[in-house]
Every structure is written in structure tokens, then in C-alpha cells.
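Going by the UniProt record's numbering, the letters in the sequence shown line up with residues 1 to 564, in that order.
Among these hints, one or two may not hold up.
Said to hold, decoys possible - The calculated lysine-lysine pairs, modelled on DSS-like cross-linking and capped at a C-alpha distance of 30 Å, are:
| no. | residue 1 | residue 2 |
| --- | --- | --- |
| 1 | 147 | 245 |
| 2 | 63 | 413 |
| 3 | 326 | 147 |
| 4 | 427 | 413 |
| 5 | 413 | 501 |
Said to hold, decoys possible - Just the calculated beta-carbon pair ranges, DEER-fashion:
| no. | residue 1 | residue 2 | range |
| --- | --- | --- | --- |
| 6 | 331 | 139 | 34 to 42 Å |
| 7 | 325 | 462 | 40 to 48 Å |
| 8 | 457 | 272 | 21 to 29 Å |
| 9 | 268 | 481 | 41 to 49 Å |
| 10 | 424 | 507 | 42 to 50 Å |
| 11 | 272 | 119 | 29 to 37 Å |
| 12 | 392 | 115 | 39 to 47 Å |
| 13 | 501 | 115 | 44 to 52 Å |
| 14 | 466 | 114 | 47 to 55 Å |
| 15 | 293 | 480 | 24 to 32 Å |
Just so you know, the hints here were simulated from the structure itself, not pulled from any lab data.
By construction, the Cβ of each residue, glycine as well, lies at the ideal position given by its N, Cα and C atoms.
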Amino acid sequence: MSSSIQNLNKPKDAFEQLEDEEGTRQGFCHIRIQQRTGRKTITTVQGIAPEYDLKKIVRYLKKTWFVPDEIFQSVEVAYYSVYGYGHLSWEWSSALRSVLHPAFIAAIFYLLRFLNLDTNYLVIILPRLLHSLIFALSDYYFYLFAKRILLTLSAANYSLFSLLSSWFVWYCASRTLSNSLETALTLIALNWYPVMSENADHLVVLREWPYVSIAVLTIIIRPTAVLLWIPLGLWRTLHSRSPIKLIFYTYIPAALPVILITCILDSFAYHKLTFSTWNFAKFNVFDGGCAHFGVHPWHWYLSQGLVSVITIHILPIVGGIYSSIKHRSIHFIYLLVPFFYIFVHSLLAHKEHRFILPIIPFLCIYSGHFLAHTLRKFALTKRILIFLMLLVNVPLAIYMGLFHQIGPNSALKFIREHSFVHFGSQKDFSVLYLMPCYSMPEYSHFHRFNVSVISLDCTPNLKNLSSYIDESDRFHLNPLLWVNTNKQLVVSSHYLVLYEKVFMNLEEFFTQNNFHEYNCNGTTVDHPEYGEVIQLTGDQRQHIKDFLCRVGIVKEENCKIHGF
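Use the sequences and the hints to build the structure in full.
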């Protein structure tokens, strides 16, 4: 490609648009030029994609990495189904997941491909935008639900404030996690769930169809959602005038079509008759397979998980629970739901912060009650508490959403930019992740790149073999042995990504094989066990310099990268 920059040295044109010979916009190349004895010094170079307006719209979306399921149980699966290549994690070969969640995202990819709008940026950002919109809709339905329970606008407003001011809700809302979709769909379904004051006459029974169908859909997408709906469903049945009629005229007709359609879709996708919800429960609960992902003590949610997620919200929540029990102002069922959910999850070996997300709205009901009613006569105390809730949660939301564990996404962005300069969109190149399993996205974030992504396998011991160790564990037990055993794979890869502590153990190997260490422009992942992300590739300034020299904008001898 031949490119030119006009009026490059005019002071008012310090930032110029990069165009090809036909004048087609290639994006913006921000270049600051300093004239020093004829030498051009590149001090900053920043590429901005043509979809800049959309970036401004979705700039609030998260830039950080959370958990592998955010990508490998949703976006990567959808990408594989639409484009016919990519990576499927071991759960999908064992039919442990329903295809419904990836199908929502696949519909977006199909539409983008049909319209020929499937740029790399849109493929990455639109699934997050979809989840953001669904979660935003659920906020509205949560507000309606809170009004029905608390009966006053003030209490409902404070409940919504408690939900929206939670750093963890902001952290998870736009992520392509089944937990986020589970939470959103549950809140939407509750719009049709009868509260205590409603009678179970035939009109109400007919209106309950939507919540039953959405609840079943939620359970299929995220089977642990059954822990939310068991107490709600039992309470509704026991308080019905005619439980048998409710079961046969509402529950079964509303649930059965969703279950049958899901079975058909899953069986078609897996090429065999199967029911993924049962497979998930059997592996994780009855066979104890969830322990493969880590084991925590039974009290973890009470001693660590809830406190770190709820933070200072725990004060109005506990106050609201105490007040509601004392004055019997909120029906006990809405407290039983989070208690039952945490109790059953505490019995399982594996525990994670994201599992708590669906019960936060229920707890915020009690926070809203406390702020609106209990503190009604204590205006100063209320203002101080609200200030503290914002003071703690807003900085946490900003830091966790924009800075904490930003390394994987920054490394991917860098590799895409660097590889585009050196390989273009047609030439093959390879990326090797020498990291714990699924530490970084794969093919869905390299759309329209001719790339091979290789990562360490971490399939659990599904056949119960003695002395079984997966590839990821073997690598981290002895990294040097692994790279020497797989030397051809390592040295033939164009990009390696690994953690700092592993790199330090392998530094001599990489030096001997002419690898060079570069960083991710100051953005790293601080892994609790392996340290920070180290990326073996070029600095952004270096690859932009290579690009400028290659297209003839500057000469190699006249180009110096400031800071080197």
C-alpha cells in the first residue's frame, strides 16, 4: 500500500489523516513531528479505527478481563458456529452447555456477515453491547418489581440506587457471561411474578405464563438459576387456591415448549439426543466435577465472597433485613431466595464471586427499604451512608472496569495491530499462549486475520485415569522441560504470551532462540500465582515506526522512537 500525508510539517496540521492513493480513509494516524536537525522524532502514534463514533457510544463498556467463561462459553462458541472455525472448550464436546446463550450472539454475527459489516471491532464489541442493553432493560423491570414489593416510590428509588451503585453490578453487566444473562432474565421474569397481595384467580394465572417461560429459559442457560426459582415456585404453588390447576394450566404449558425446543436445538447441535441442563448438573453436582476448577471452604461466600462483592452495601442490607423481619414489612420469601441460593452454593466445592451476582438485586430490596423507611427520620445519617456507598463503589467500578486485569485485552489489541503491519490480513501467523487455560480470547478477537491460535489444553480427567495431569499443569510444573520438548512449536510461533514468573524461568531459553521481550504499553494482568503478563512481541511505537518506514513516509535512518 502506498500512502501519503499532506502538509505534515505545518504546525496546525500536527495531526493528520492517513489516506491511500485513492483518498480512502484508513483510520487516523496521530503523529507528532518535531524538527531537530533534519531528524523526524516520533513521540506518539495512536491508531484510531473507522468505527470511532461507535467507540464513543460504547466507551463505558469494560476494558478488563474477568473470567474465561466470559468468552469461551459464549462468544467463541458463537463465532465457531457462524464462521466454521475457532476453538471450542472441552465442555462443548461433553454437551455440558446449552446452545441458547451462544445462539443469541451467533444471530448478531450472522446479521453482520449478511450485511458485510463484520469488522473485527464490531465482532468484538456488539455482543457486549447486546448484554448491556438486556441488563439495562432488567434494571427497569427491577424498579417495577421493587415498587410492587415495597409499595412506595421512595423505597423503590433507593432500591434501584443500591443496585446501580454496586461496583460488581457495573463490573458484570456488559460482560458476555451466562451469570449476567441469568440475572437480567430473572429480573425481567419477576415482572410477572405475583406478589403477596395478588390473588391466584384465573386472570393472574394466565398472566403468569411469561415468568414461568422466562424462568425455565434462564435455568437452561444457567442451570444454577434453579436455586432462585425453587423457593419462588414452591411459595407460589403453596399459596395458590388451586395448586393442581396452577401446575397443569400454567407451569407445564409454559415450561414444556421451552424445554422441548431446547432439547431439539441441543440435540441438533451435538448430533445426538441430549439435554444439556441434566449433563451440567450431573457433572458439576452429582459427579463433583466442579472441584476441577478449584476448591474453597464451605464458609467462603459468608467470610469472603459476599463482603468483597457487596462492600459497604452490607450496612443498609443488614439494617433492612433486621427492620423488615421486626416489622414484617417485606415477605420472608424474598429473603429466603438469597439465603437458599448461598446455602446450596456453599455445599459445592467450587465457588466464585460471579455466582453471587443473581442475588444482589434481592438484597438491594432490603437496602432500599432501610434507606427509605428506617432512616426516614435520620436525614444526616442517610446522606452520609449514601455518600459512603458512592465513595466506595464508584472508584472500585472505575478501577475494576478500566484498569484491573487489562493485560489480556491490551495484549490482543497490540498483537492485532502489530500483525496487521507485518502480515496484513492474508499472510499466516501464529500466536502461542503459554498461560493457564483460557487466559485470553482466541479466534473471535482475531476476525479477518489469518491466524492460528495455540493454547495449553486443560481438559479435566473425564476418564478417571490415574496420575492424570493436563497439559497446562504439566507446563507450569516444569516450563523448561515443556518448551524443550515442544521446541519446534515454540520457536515457529510468531507471538508468545506468558506470565512474568514463567518468563523469568525461561528467559535464557528465549534469549538463546532470539526472542525479544516487549511489554503491553504498561497494561498488565496481575495473576495471583504466575505474576504479570509478559508479551513477546514488539512495542507499539516500534511497529508503527516499521509501518511508516515500509510505506515510505519516513526513512529508517531519519526515524527515531522517542523513549528508546
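Do the hints match the structure? See the list:
1. For the hint linking residue 147 to residue 245, the alpha-carbon distance of about 29 Å falls within 30 Å, and the restraint holds.
2. Taking the CA atoms of residue 63 and residue 413, the gap is near 11 Å; set against the 30 Å cutoff, the hint holds.
3. Between residue 326 and residue 147 the CA atoms are separated by roughly 21 Å; this keeps the pair inside 30 Å, and the hint holds.
4. Between residue 427 and residue 413 the CA atoms are separated by roughly 18 Å; this keeps the pair inside 30 Å, and the hint holds.
5. Straight-line distance between C-alpha atoms of residue 413 and residue 501 comes to about 23 Å, which keeps the hinted pair within the 30 Å bound.
6. Under the hint 34 to 42 Å, the C-beta atoms of residue 331 and residue 139, about 22 Å apart, miss the expected range.
7. The hint said 40 to 48 Å for the Cβ distance between residue 325 and residue 462, and at roughly 46 Å that hint holds.
8. For residue 457 paired with residue 272, a C-beta distance near 23 Å keeps the hint of 21 to 29 Å intact.
9. Taking the beta carbon of each, residue 268 and residue 481 are about 43 Å apart, inside 41 to 49 Å as hinted.
10. Checked against the hint of 42 to 50 Å, the pair residue 424 and residue 507 fails, with Cβ atoms roughly 31 Å apart.
11. At about 36 Å, the CB distance of residue 272 to residue 119 agrees with the hint of 29 to 37 Å.
12. The hinted range of 39 to 47 Å is satisfied by residue 392 and residue 115, whose Cβ atoms lie roughly 44 Å apart.
13. Taken as a hint, the range 44 to 52 Å holds for the pair residue 501 and residue 115, whose Cβ atoms sit roughly 45 Å apart.
14. Between residue 466 and residue 114 the beta carbon distance is about 51 Å. The supplied range of 47 to 55 Å therefore holds.
15. Between residue 293 and residue 480 the Cβ separation comes to about 27 Å, which falls inside the hinted range of 24 to 32 Å.
Violated hints, listed in ascending order, are 6 and 10; each of the other numbered hints is respected by the structure.
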